[in-house]
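Peer 1: Taken in sequence, the protein lines are chains R and G.
With my numbering applied, the first sequence covers 1 to 313.
With my numbering applied, the second sequence covers 314 to 828.
Think of the hints as simulated: they come from the structure by calculation, not from any bench.
Heads up, some of the hints might be wrong.
[As the list claims (entries may be wrong)] Here are the computed lysine-lysine pairs in the DSS-like style, where the Cα-Cα straight-line distance is at most 30 Å:
| # | chain 1 | residue 1 | chain 2 | residue 2 |
| --- | --- | --- | --- | --- |
| 1 | G | Lys650 | R | Lys162 |
| 2 | G | Lys802 | R | Lys154 |
| 3 | R | Lys162 | G | Lys377 |
| 4 | G | Lys802 | R | Lys67 |
[Claimed, not checked] Restraint ranges, calculated between C-beta atoms of paired labels, are given here:
| # | chain 1 | residue 1 | chain 2 | residue 2 | range |
| --- | --- | --- | --- | --- | --- |
| 5 | R | Ala121 | G | Tyr710 | 46 to 52 Å |
| 6 | R | Ile175 | G | Asp805 | 31 to 37 Å |
| 7 | G | Ala345 | R | Gln16 | 45 to 51 Å |
| 8 | G | Asp450 | R | Gly44 | 40 to 46 Å |
| 9 | G | Asp454 | R | Gly238 | 38 to 44 Å |
| 10 | G | Val574 | R | Arg305 | 36 to 42 Å |
| 11 | G | Ala749 | R | Arg83 | 44 to 50 Å |
| 12 | R | Met297 | G | Gln582 | 30 to 36 Å |
| 13 | R | Gly238 | G | Asn765 | 51 to 57 Å |
| 14 | R | Met176 | G | Glu364 | 46 to 52 Å |
| 15 | R | Phe128 | G | Gln631 | 56 to 62 Å |
Since we're looking at a predicted model, the values are computed, not measured.
We put the beta carbon where it would ideally sit given N, CA and C, even for glycine.
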Amino acid sequence: MSGTDTSRGPKSIWRQLADSKVLLLMCVPAIIFFIVFNYMPLPGAWIAFTNFNYRDGIFGSPFVGFKNFEFLIKSGQLWTLTRNTILYNLAFIVLGNILQIAIAIMLNEVRLAWFKKLSQAAMFLPFFISSVLVGVIAFNLLNYDTGALNALIKQTGGDPIKIYSSAGAWPLIIIMVHLWQSTGYGSIVYFAAIMGIDRSLYEAATVDGASAWQRIRFVTLPSLKPTFIILVLFALGGIMHGNFGLFWNLVGNNAALFQTTDIIETSVYRMVLSQNNFTTSTAVGLYQSLFGFALVMTANWIVRRINKDYALF
Amino acid sequence: MKRRNFVRVGAALLAIGISMPALTAGAFAQDAPTEITMLTMGNKPTNGRLEAMLEKLNELLVAKVNAKLDLFYIEWADWQTQYNVQLLSGDDNVDLVATATDWLYAWENAEKGAFLPLSEEMLQANAPKTWAQVQADGHWDLTKLADGKIYFAPEDNYTQYTNHGFFYRGDWAKEAGFENGEITKFEDFTKYFEWVKANKPDAYPWDVAGANEAALTGYIQGHTDFQTLQGISAGNYIPFHTTAANPYTVTSWYMEGDALVEAAKLAKQWNDIGVWREDALNYDGDTREELYAGLSGVEQHHTQTFVNDIVNNMNTKQPGSDPKFFYWGQENGNFFKDIFTHGAMAVSAYSKNPEKALQVYDLIRNDKEIYDLFNFGIKDVDYVITADGKLGYPEGYDSSTMALGTDYWWGRTDEFELPRTKQAPNRAEIIAALDARAKDYPYSTLIVNKQNIDSTLAAMAGVLSEYIPQLQYGKFEDPAAAVAEMRQKLKDVGYEDARASIQADMDAWKAARGL
């Protein structure tokens, strides 16, 4: 918008707002959403510093300082939760984006229209399956006594595997299920970005004798860089937030797997709901938000140092 | 003309005549009936029986106290969570709240301010019959917090046993070599389970779902004199105990003694035999139906369920199965009579009509006509009275599809209850046998101040919910090492401080009673 600004000196804020009123109007629903769900509940974080009871309410309950954080640190739980949450999300972000880009490029190279449509739809579908259902499907595939996988192993004369007591297997299972669910959907964004690349670049490359691989390497991939960076930055903002539905439905209350599968969300859920423990869970939530905030700021700062245009703000 | 006028006057008179009763009724009518909502536990019935009953019930309630009743159900899926969250939400549409101190977190919610303190005057004015009966039995003290205020009305006028144990099949036990098919020791179930495993390939010896600790408590109760201190819960666990030998010393079987390790070793043995599904923790099937279908050798629940449901269902669905009950503490008599607050009714702190709510409760609890309607349904439709005076069901009645489902366990009274055709024929003997052995719970009036230990209890809940389900299902290679690890963690989160705090309350309580 500043490109069309021909007057001298900075405009007043009101003037700027008036100039963009249509755009602002279009943002109103999103602004209201964030105010209602993200800003208005902020004072509630005070619970983390109190010994909360319903009668005195959030601000009337006795103040206890950092006592609620103490246990989390003492038990080492905070470290396990942070590690699991970050590692899972890193795996999701890195593997997810690589797979999404690969699939978008492959789709772009496919010439058979019906096959392109069919494979796109097939990859898109898992995104719409509720994680409750995914949990049930996983149990029926993987359980020891009646699961499909173990039935197959038994039929072929092998010894069935106790998957629901092998904590080590679950990072792999969860990452695979997550990728299965999200890759098709995520590849759409990259596919759209590829569609937006100037066709003349490809023509020029072809004229210069570039092979299909070279076109991908020197035209497609560099053009996807801004999209990639923005998506990764967004994803980093959520790195402290896990895919609760998926984790909860796959693992549930199976304490044998917590060491490798417990993330901040599932732990908070258990604390509030089965242990009725609002204060400690709010403390975890607050820690999660502050840590996530710091992470986004740092990542954005680094990106801005490298290339200002790629930074979010 | 004349004739027309006559008709007009006649019509006018008729109109006035018709409207008169309405006018007079209108002139004296009270305000619109107050809508009272009762929060109760159970899956909301969908067969229309509840609505039909409520319609009749509300006619009576409007006539007597000008109120109407509706039920709000906390369904069984994830009920502990849903119950606490509903109370936390501060919903002002709920007036009466079903609760219990030993399984429905009544103390915790009273302390957190979810329930309205009930003054004596308020109870005397609005629930006079309830007030008088509980007062005469001296039971109001059982419903007071440290502030000396009453928080709910106890179900103290109803005999039942909710002591837990195993339901098993006498026919299978007999074949497994038990005399008369009777199992009298907890560890003897190993033999029963092994027999089921070897001879009933379709059945699990004990099909059990999700986190619980029955395999541990069953062993510990029958092999020690630990007694659980009710009302101090850490999540789904009740971690503080005394012993019969030292009844005023607070301890915990999670922390002290060898019984937990022994129990965990037995659980591991059972797990290795394949007593339950390998993935029982992630399994969430209906195991009682499995028992009825002959697919499980054992089901775990309490006496009340055994005499009311299990015997009749097993006799019809598995004829000749000879259902039997082994209860925790059967070996050494270490079990208790039900506490009077195993069911109770509170008034929501957010209720807009607490007085009216109490009036409705008083009628449900003490008015025979309303009690019968609310508990049993419409006579000759939902239930019949048989020639020998038992409560039975009409021809073609199927309890799985036609049940009334009010689930009123918050103020029943023995006086209005009838023996039922579907109850175990030997119910009276079973109850009498338990009465002869059961101990009275000694700490009903002990009030523990949890203000300072709440966060410790929550932290202990975290540790227990990590270790106990795995110990219960025998999932640790070395149970002794796991127990040691758990005990260290419980110490780290402040077990000893919490114990000392409860001990101080115990000492004060003991001194006040001159014990």
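Peer 1: Which of the numbered hints above does this structure break?
Peer 2: 1, 2, 3, 7, 9, 10, 11, 12, 13 and 15
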